[in-house]
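Protein sequences appear in the order of chains P and H. Residue numbering for the first sequence follows this note's numbering, beginning at 60 and increasing consecutively. Residue numbering for the second sequence follows this note's numbering, beginning at 7 and increasing consecutively.
Hints are computed from structural coordinates only; laboratory data are not their basis. The C-beta atom is built at its ideal place from N, Cα and C for all residues, glycine as well. Hints are supplied without guarantee of correctness; some may be wrong.
What the hints assert, rightly or not - Here are the simulated lysine to any residue pairs, SDA-like style, with alpha carbons at most 25 Å apart: (1) Lys100/H - Thr259/P; (2) Lys428/P - Ser474/P; (3) Lys72/H - Asp95/H; (4) Lys366/P - Tyr42/H; (5) Lys74/H - Pro374/P; (6) Lys366/P - Pro60/H; (7) Lys256/P - Thr33/H; (8) Lys366/P - Thr33/H; (9) Lys359/P - Leu188/H; (10) Lys366/P - Pro183/H; (11) Lys100/H - Asp271/P; (12) Lys366/P - Arg178/H; (13) Lys256/P - Glu121/H; (14) Lys100/H - Ser262/P; (15) Lys72/H - Arg23/H; (16) Lys74/H - Glu97/H; (17) Lys366/P - Lys13/H; (18) Lys359/P - Asp162/H; (19) Lys256/P - Ala106/H; (20) Lys149/H - Asp95/H; (21) Lys359/P - Gly62/H; (22) Lys278/P - Thr33/H.
Said to hold, decoys possible - With beta-carbon atoms standing in for the labels, derived distance ranges: (23) Val15/H - Pro223/P: 58 to 66 Å; (24) Asp40/H - Thr336/P: 41 to 49 Å; (25) Ser326/P - Asp108/H: 37 to 45 Å; (26) Asp162/H - Glu79/P: 34 to 42 Å; (27) Asp108/H - Leu277/P: 29 to 37 Å; (28) Ala196/P - Asp162/H: 52 to 60 Å; (29) Arg323/P - His179/H: 24 to 32 Å; (30) Ser189/H - Ala248/P: 42 to 50 Å.
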Amino acid sequence: MADADTGQSLLEIVNPILAEERSIDLNANDVALIVLMRREIDLNPDGLLTLPYSTIQFLNGKIDLLDARDPQKAERRLTESISRLIRADCLLQADLLRLHAARDPEYQLTSLGEALAEWHLTQSHFSGEPLSAIFKAFIDQLARIVERAESAKTQDDWQIEIMPQMQHALRDMLINVQQHQRLLDRQHAEIRDFIPKLLTEQSEAAIRQCRDRLAEVLKTIHDLQETVLGSSSTITTLISRIYELGEPYELQRFEVVYDDLVRRINSINNWITQRLTDWTDHYGVVHNVLRTIVRVDRYKRISDALKRSIAEPPPWSLAVADEPPFYRMRTDLDARRRVRRAPRIKKAVHDRPPEFDEILPDELPDLLKRYARKDYEAFAEVRASRVIRKTVPELQPEGLKVISYVPDFFAWLVSIGVIDEDERGWEDVSAEITIEDLKVNTDDFS
Amino acid sequence: MIFLDEKFVDADLTLRRGGHVNRDNFTLYNWVQDNYDTLSGYYTNFGCRLRQHPDGFFFLVVSGQKLKSRVLPMSCVHLGIFLALKARDPEITKTSGRIAIDQLLQDIETTVPAETLQKVYAPRARESQIGSRIHDEIASALKVLAELKFIEIQNDAVKPLESISRFAEFARHDNEPDETALSLLEEQEGVVGVEADEDGGENPEQDGGNHEEA
Chain P
60 MADADTGQSL LEIVNPILAE ERSIDLNAND VALIVLMRRE IDLNPDGLLT
110 LPYSTIQFLN GKIDLLDARD PQKAERRLTE SISRLIRADC LLQADLLRLH
160 AARDPEYQLT SLGEALAEWH LTQSHFSGEP LSAIFKAFID QLARIVERAE
210 SAKTQDDWQI EIMPQMQHAL RDMLINVQQH QRLLDRQHAE IRDFIPKLLT
260 EQSEAAIRQC RDRLAEVLKT IHDLQETVLG SSSTITTLIS RIYELGEPYE
310 LQRFEVVYDD LVRRINSINN WITQRLTDWT DHYGVVHNVL RTIVRVDRYK
360 RISDALKRSI AEPPPWSLAV ADEPPFYRMR TDLDARRRVR RAPRIKKAVH
410 DRPPEFDEIL PDELPDLLKR YARKDYEAFA EVRASRVIRK TVPELQPEGL
460 KVISYVPDFF AWLVSIGVID EDERGWEDVS AEITIEDLKV NTDDFS
Chain H
7 MIFLDEKFVD ADLTLRRGGH VNRDNFTLYN WVQDNYDTLS GYYTNFGCRL
57 RQHPDGFFFL VVSGQKLKSR VLPMSCVHLG IFLALKARDP EITKTSGRIA
107 IDQLLQDIET TVPAETLQKV YAPRARESQI GSRIHDEIAS ALKVLAELKF
157 IEIQNDAVKP LESISRFAEF ARHDNEPDET ALSLLEEQEG VVGVEADEDG
207 GENPEQDGGN HEEA
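Working from the sequences, and respecting the hints, build out all of it.
Take a look at the structure:
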């Protein structure tokens, strides 16, 4: 299992991390401290890369002030924070060799510490800017991919270079956008919870604060919409261009990557539009409460009266207009839907078709038995060939019908008498039928 | 000629059927506001008055005999008052002005005395059926309020519109308006007094109007 890009095996990558027990174990104070340190370095006009311990102490004091912690243990907390940051490879002591300045050592942020502070600084901005920056970076990447796609000559150029770049760019953008979305939603949820508290206070300052917060939210949402809708059209154009260029090469999974890109962009746009609607609604409701309730009913006189009035059935009502709807004209009806029934005509009884067909009972078995009895009376024995020969003309034109009853007739003969085994020759009973004869001696014709 | 405009049909049907034109229907609201004078004159010929409430919405007050009117049942008025109260609660901003119907039922049950609930929503119900009758009556009252554009029903939630403040008119006078205020309410807001029957039913007071019980 080797990494295709670096040639390192996963074992080689993971083993040292586990063996050295590398971890980033920081608490919120540590992160706040490193963010303030980074900010302090950025703001420093001399362009220094290190900070003395005294400055870090001062910054930590600010954090303690905000967090309302016990000032007695500030020094201990700072020492612990610095130790954790050093263990996490976010901070290092920059002046190990300067023994003479050991009382005010200097510290420097590592690249990991800088990246961590940078990420938190970016995330803490509550405006449309980070999202616009994310989109701008994505557009730049797409533009570069388009340039490369225009110069691509072979299928391999696409498979090895362009498609992985597309996926990479999309993944980076999505991670950033999702982080931003989460933060924005959290910020908005906090505002949603905070505004009722301000409205309940009803002081002029609280109302002003409430209006400011609302204006800030609406501005942010509008910024977001402009940013995303503006950028998304550029992104769609670039993606379509990539698709046009890649289509002739009939690349494997190209459609999937393209569809994924389009789907994600649409989903981000939908998210922004949905949030815009939610927050416009929220803005409207808060504005309405401010305008018609807080301003007009500062001392809740009307609300209290309403509370009292719901305890009893109301002694009044409202009269509202109640004009009936227009009558529907016949032309409004769909003529095709009317089913015209045929007039009923009384029919004579004999015109009616019979309710069932009359099937006459089959007389052939009885006929055979009757001829058998006559045969016995004439010859004192029954011969099957004689009986059937007499029966066939009776059945004309369906003389052959007798065949279907021969087995039953033979079975009946056997059941009533004794078969003469010497008289079993073949006999013609009609032009078409020859049977093996059967002679029976009996007088039991029950 | 505004009467050939499609928006006239929408506005006219809404108003004649006792509905309200609220700000949330932005296009229609603007159209009515722009043509208020013409529409006002038009409805005067029907013996009605097109009113714009101080909160912004429009509605029709019927005073003559040419158009029919109806008096809202007690359940609708009580529920309207309750919703007007809920709409004034700052907590409603958390849900962008929506109240879940289940939550509404629960709030009514916990806030309003049981005896009042029975008198208003199930005056003639048997003891065993009171709960279900109250539930049904509230559902039916919500439907009427939605038809009259006092509220909007969205899935399982109710959104009170600005016209819900008509149910706060009595409360503006501390629930006891004097004669002058009462006549002003009758004339401008369409308020009518009702006297409860002995069996809990309601009976609009005779004021010479062309009212029908809903």
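Each hint, compared with the structure:
The straight-line distance between the Cα atoms of Lys100/H and Thr259/P is roughly 13 Å, inside the 25 Å bound, and the hint therefore holds. With a C-alpha separation of about 13 Å, the suggested pair Lys428/P and Ser474/P falls inside the 25 Å cut-off, and the hint holds. Restraint check: the Cα-Cα separation between Lys72/H and Asp95/H comes to about 40 Å, which exceeds 25 Å; the hinted pair is violated. With a C-alpha separation of about 35 Å, the suggested pair Lys366/P and Tyr42/H falls outside the 25 Å cut-off, and the hint is violated.
Using a Cα cut-off of 25 Å, the hinted pair Lys74/H and Pro374/P holds, with the two alpha carbons roughly 22 Å apart. Among the hinted pairs, Lys366/P with Pro60/H is consistent with the structure: their alpha-carbon atoms are about 22 Å apart, no more than 25 Å. Under the criterion of a C-alpha separation no larger than 25 Å, the hint pairing Lys256/P with Thr33/H is inconsistent with the structure, at around 34 Å. With a C-alpha separation of about 35 Å, the suggested pair Lys366/P and Thr33/H falls outside the 25 Å cut-off, and the hint is violated.
A threshold of 25 Å between alpha carbons decides the hint, and for Lys359/P with Leu188/H the separation of about 22 Å falls inside it, so the pair holds. Note on Lys366/P and Pro183/H: the hinted pairing holds, with a Cα-Cα distance of about 17 Å set against a maximum of 25 Å. Taken as a hint, the Lys100/H and Asp271/P pair is honoured in the structure, with Cα atoms around 17 Å apart against an allowance of 25 Å. Of the supplied pair hints, the one linking Lys366/P and Arg178/H holds, its CA atoms being roughly 12 Å apart against a limit of 25 Å.
With a CA separation close to 34 Å, the supplied pair Lys256/P and Glu121/H exceeds the 25 Å bound. Restraint check: the Cα-Cα separation between Lys100/H and Ser262/P comes to about 20 Å, which is no more than 25 Å; the hinted pair holds. Under the criterion of a C-alpha separation no larger than 25 Å, the hint pairing Lys72/H with Arg23/H is consistent with the structure, at around 14 Å. For the hint pairing Lys74/H with Glu97/H, the CA-to-CA distance comes to about 39 Å; that exceeds 25 Å, so the pair is violated.
For the proposed pair Lys366/P and Lys13/H, the alpha carbon gap of about 38 Å is over 25 Å, so the pair is violated. The suggested pairing of Lys359/P with Asp162/H is violated, with an alpha-carbon distance near 29 Å, which exceeds 25 Å. Only pairs whose Cα atoms come within 25 Å are accepted, and Lys256/P paired with Ala106/H is accepted, the gap being roughly 21 Å. Between Lys149/H and Asp95/H the CA atoms are separated by roughly 23 Å; this keeps the pair inside 25 Å, and the hint holds.
Taking the CA atoms of Lys359/P and Gly62/H, the gap is near 21 Å; set against the 25 Å cutoff, the hint holds. A hinted pair counts as satisfied when its Cα atoms are at most 25 Å apart, and Lys278/P with Thr33/H qualifies at roughly 24 Å. Checked against the hint of 58 to 66 Å, the pair Val15/H and Pro223/P passes, with Cβ atoms roughly 59 Å apart. For Asp40/H and Thr336/P, the Cβ-Cβ distance of about 26 Å falls outside the hinted range of 41 to 49 Å, so the restraint is violated.
Look at Ser326/P against Asp108/H: about 31 Å separates their beta carbons, and that is not inside 37 to 45 Å. The beta-carbon spacing between Asp162/H and Glu79/P, approximately 55 Å, falls outside the hinted interval of 34 to 42 Å. Between Asp108/H and Leu277/P, the C-beta spacing of about 31 Å keeps the proposed range 29 to 37 Å intact. Restraint check, Ala196/P to Asp162/H: a C-beta distance of roughly 42 Å breaks the suggested window 52 to 60 Å.
A beta carbon spacing of about 58 Å between Arg323/P and His179/H contradicts the range 24 to 32 Å that was offered as a hint. Taking 42 to 50 Å as the suggested C-beta distance range, the pair Ser189/H and Ala248/P conforms, at roughly 49 Å.
Violation of the numbered hints given earlier is confined to hints 3, 4, 7, 8, 13, 16, 17, 18, 24, 25, 26, 28 and 29; the remaining hints are satisfied by the structure.
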